[in-house]
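*Asks:* Below, each chain spelled out in residue letters.
There are 2 protein chains.
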Amino acid sequence: MDNPVEVLDKIVTLTNGRIGPSHLADEQEKGPMRITDVKVAEAPIGSRFSNAVIDFSRMTVSVIAVETDVVVAGERVVGYGFNSNGRYAQTGILTERVLPRLRDAASEVLVDPETGILDPVTARAVMMTNEKPGGHGDRAVAVGIVDMALWDAVAKATGRPLYQALHDRFNLVDKPAESVWVYAAGGYYYPDGTLGSLRDEIRSYLDLGYRDVKIKIGGASLASDLERIEGVLAILPDGCRLAVDANGRFDLPTALSYASALSAYDLLWYEEPCDPLDYLSHAVLAEEYPGRLATGENLFAVQEVRNLARHAGLRPHQDILQMDPSLSYGAAEYAEMLGCLCARGWQAARCCPHGGHLYNLAVAAAFGLGGCESYPRVFEPFGGFVDEQPIEDGRVRLANDLPGIGIEGKAALHDLVRRLFR
Amino acid sequence: MDNPVEVLDKIVTLTNGRIGPSHLADEQEKGPMRITDVKVAEAPIGSRFSNAVIDFSRMTVSVIAVETDVVVAGERVVGYGFNSNGRYAQTGILTERVLPRLRDAASEVLVDPETGILDPVTARAVMMTNEKPGGHGDRAVAVGIVDMALWDAVAKATGRPLYQALHDRFNLVDKPAESVWVYAAGGYYYPDGTLGSLRDEIRSYLDLGYRDVKIKIGGASLASDLERIEGVLAILPDGCRLAVDANGRFDLPTALSYASALSAYDLLWYEEPCDPLDYLSHAVLAEEYPGRLATGENLFAVQEVRNLARHAGLRPHQDILQMDPSLSYGAAEYAEMLGCLCARGWQAARCCPHGGHLYNLAVAAAFGLGGCESYPRVFEPFGGFVDEQPIEDGRVRLANDLPGIGIEGKAALHDLVRRLFR
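Going line by line, the protein sequences match chains A and B.
Under the numbering used here, think of the first position of the first sequence as 1, with each following residue one higher.
Under the numbering used here, think of the first position of the second sequence as 1, with each following residue one higher.
Since the hints were made in silico from the structure, they are not lab data.
One should not assume that every hint holds.
One copy or two, either will do: identical chains are not told apart, so a pair holds if it fits within one copy or between any two.
[As the list claims (entries may be wrong)] Below are the DMTMM-like pairs computed for lysine to aspartate or glutamate, each with C-alpha atoms no more than 25 Å apart in a straight line:
#, residue 1, residue 2
1, Lys-175, Asp-238
2, Lys-132, Glu-380
3, Lys-132, Asp-192
4, Lys-132, Glu-75
5, Lys-175, Asp-119
6, Lys-175, Glu-114
Just so it is clear, the structure is predicted and the values come from calculations on it, not from any experiment.
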C-alpha cells in the first residue's frame with residue numbers, strides 16, 4: 001500500500017452465524033439472493049490538512065461489508081461500502097437503526113421479484129422505516145454507506161460494473177458514459193504551505209493528466225487568497241481552468257466582497273460561498289456574481305435540493321450542483337434529486353458530485369452527470385479510482401471489466417477491506 | 001419505578017481515570033471547574049405505539065453523565081443529559097466526534113473566566129470544531145444531549161434550578177416564569193384502539209389537570225380521523241382545546257383536503273401537515289387554512305428556522321413553532337433561533353417545544369416561551385416532570401428547590417441514571 005493505513009480495532013458484526021446454503025447465481029440456482037451477514041468497521045481517513053472550516057486529521061471512515069449467499073466463480077459475493085470524507089462515525093445509526101431493519105426484513109421483500117436479486121431501492125425504503133421526516137444529516141450518510149455496499153453486491157452478483165447496474169435500474173440516459181470529466185480538488189491550507197508549494201501541487205495534478213483544478217479560499221485573507229489564485233492561474237496552460245472553494249464559510253457581505261474580486265478572473269466556478277442552507281444569500285450572489293456558482297455537497301436529501309431549486313435563485317444554464325450520492329441516502333435518492341431538478345429546467349450535466357471515489361464516478365457515468373470531483377493522492381485509499389487507469393485530457397475511463405464498484409481494481413483499498421473484514 | 005426499564009448493557013467511558021483533586025465549589029476553592037469523566041449509555045424508550053409515521057417500540061434513549069470535580073454538600077456534581085424521543089443511537093457521533101473535543105479542551109477554555117464555572121455556550125463551540133456546515137440531524141441531537149448534561153452540572157454546581165441558570169446566562173426575559181402551560185400530547189394509534197379507548201385516554205388527561213390535548217391524525221382515513229376529532233371534541237369541557245398532529249405525513253393535496261375539513265372545527269392547532277422542510281407547501285397552507293398551523297419539531301438548527309421564517313409564509317401573530325432545544329444543539333442554539341425569529345416579528349410566546357421533559361420545561365420558563373409539550377405516562381421515565389408536581393389548570397409549576405434539571409426530583413429517572421452509571 002502506498003499509504004499505510006492503521007486499521008482501528010473495532011468491528012461490529014450484525015447477523016453473524018446466519019449464513020445459509022450458498023446461492024449459486026452463476027449456476028442459476030433458485031431462491032432469492034440473501035444477505036448472510038453485515039459487518040461494520042472503521043478506518044482512519046489518514047489526511048493531515050485542513051480547508052477553511054475543518055481539519056481532517058482525526059476523521060475516520062465507516063466501512064461495511066455486506067456478505068451474501070451468492071457465489072460467483074467460486075467466491076462468495078461481498079459488497080463493500082464506505083463514506084466520503086467529512087461526515088463520519090455513524091456507527092450507532094448503522095448498528096441500531098438502519099442495519100437491524102435490513103437484517104429483520106424477509107429476503108423475499110428485499111429482492112426484485114423477477115430476478116431474485118437484491119434491490120437496493122427497496123432496501124433503502126426498508127432502512128428508512130420508522131425514521132422521522134427532516135433531519136437529513138448523518139442518517140443520510142449511514143444509509144448511503146449501506147446503499148453503496150448493496151449496489152456493489154448486486155453488480156458483482158450479476159457480473160456487471162456498477163455503472164451498468166445503475167444504468168439498467170434507473171434508465172436515466174440512453175447509455176452510460178465511457179469516461180467522465182474529473183477535476184483535481186486540492187489547494188488546501190497546509191501549516192507550512194507557500195505559494196511555491198501550491199504551484200508545485202497544481203503542476204503535479206497537470207502531470208497526472210488533469211486539465212482543471214480547484215483550490216481552497218476563505219482560510220486566509222482576501223488579498224492572500226487572490227495571490228494564491230493569481231499564482232495558480234499564471235502556471236495553468238491554455239484550456240485549463242481553476243475553481244475556488246470557500247467551504248460555506250462566508251457571511252453574505254464577505255461572500256459579496258469575494259464575488260466582486262473573483263469577477264476579475266475567468267474561473268471555472270466559485271464554490272460554497274455561504275452556508276449551504278442559506279438559500280437567500282445564494283439568490284443574492286446569483287444576482288451579483290456573473291460567473292458560475294457551485295454548491296450542494298452539504299445537501300443530503302431531495303427536500304433540501306428542492307429548496308435550493310425553489311429558493312436559491314441559481315441559474316440552471318450555468319451553475320453547478322455537487323450533491324454527493326454516497327453521503328445522501330445513495331443512488332435512488334440521487335435519482336430523485338435529478339428528477340426534481342430536471343422538472344425545474346436543470347440538466348444532469350450541471351451536476352458534479354463531491355466525493356472523489358469509485359462509487360460517485362459510477363453514478364456520474366450511469367446518470368449522465370457533468371463530471372466528478374477527484375482528490376489526487378489524498379483521502380487514499382478510499383478516494384481515487386482504479387489503479388493503472390490514467391487521467392487522460394482531464395477525463396477518467398470507467399473500468400468495464402471489473403464487476404461492482406471496482407474496489408478489487410484498487411490494490412490499497414482492496415487490501416484494506418480484506419484486512420478490516422478478514 | 002412505575003415503568004420498569006431494562007438497562008442496555010452498554011456504557012462507554014470517555015475519560016476514565018482522570019479524576020483530579022476535588023474542587024469544592026461550596027467552599028470557594030480556586031481553579032476552574034473540571035470535567036473529570038463523561039459516560040455514555042443507552043436505555044430502551046419502552047413505548048409500544050405509533051403515530052402516522054413511526055413505531056416507537058424499538059427506540060432507545062442515549063443518556064450521558066458528565067462527572068465534574070465540583071463537590072456540593074459532600075456530593076460530587078454529575079450532570080445528566082438524554083435525548084427526546086424520535087431520534088436515537090447517536091453513539092458514534094458522541095464518542096468519536098463531539099465528546100473527544102470536549103475531553104481534549106483545556107478546562108480554562110471551557111469555563112466562564114469570571115466564575116471558573118463551566119460555560120455550556122463555549123463548550124458547544126468546542127464540540128462543533130471541525131464539523132461541516134449543513135446536515136443538521138443526528139449531530140444536533142448528540143450535541144443537545146451533552147448541552148443538557150452540561151447545564152445540569154452548571155446549575156447544580158451553583159445551586160440553582162436549571163431555569164434560573166439559563167435565565168442568568170441568556171437574559172431573554174425580565175424573570176423566568178413560575179409555571180408553564182403544558183398540553184397533553186397523546187391520541188396515538190394503538191393496534192387495538194377504539195373511539196372509546198381514545199375518549200378514555202383524553203378523560204384521563206383532563207383528570208390529571210390538563211386543559212388542552214392533542215391527538216394524531218393521518219394514520220387513518222380522513223373520515224375516520226374526523227370521527228376521532230368529533231369524538232374527542234364532544235367530551236372536552238368548555239375552555240379545553242384540541243390540537244391535531246399529522247407528523248409531516250401529507251403531501252400538499254392531502255394537507256389541503258384535511259385543512260378544508262379541519263376548518264369546520266375550532267381546533268387549537270393543525271400540526272406538521274407536510275414535510276418539515278417543505279416551506280412552500282406551508283406557505284400555501286397558511287393562505288388556505290384560517291386556523292393556527294404548528295411545525296418545527298423536525299428543524300434542528302437556526303439555519304432551518306431562518307428558512308422557515310423566510311420561505312414558509314407562517315403568520316407570526318398566530319402560528320406555533322415547536323423546535324426542541326434538546327434535539328437541536330441545546331439552549332444556545334435555541335436562543336439564536338429566538339433571536340432570528342424575533343427579528344422577523346415573532347414572539348417567544350409563539351414557541352412551544354416538542355419533547356415533554358424537564359429540560360425543555362426549564363427552557364420554556366427561562367426564555368418566556370408559550371408552553372411545552374407533555375406526554376402523560378408515555379416515554380417514561382425520560383418524559384414528564386418532577387414527581388408530585390400536579391398539573392393545575394393546564395399549567396405545571398417549576399420546582400424551585402431542586403438544583404439542575406430536576407432529575408433527582410423524579411424518582412424513576414433518578415433511579416435509572418444511577419443504575420446506568422453506578
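*Asks:* Against each hint, give a clear statement of whether it holds in the structure.
*Replies:* Verification of the supplied hints:
1. Lys-175 with Asp-238: neither (32 Å within a copy, 67 Å between copies)
2. Lys-132 with Glu-380: Between copies, since 20 Å is at most 25 Å while 34 Å is not.
3. Lys-132 with Asp-192: Classified as between; 23 Å across copies, 45 Å inside a copy.
4. Lys-132 with Glu-75: neither (39 Å within a copy, 40 Å between copies)
5. Lys-175 with Asp-119: within (21 Å within a copy, 58 Å between copies)
6. Lys-175 with Glu-114: within (23 Å within a copy, 67 Å between copies)
Figure legend: structure checked against the earlier numbered hints; hints not met, in rising order: 1 and 4.
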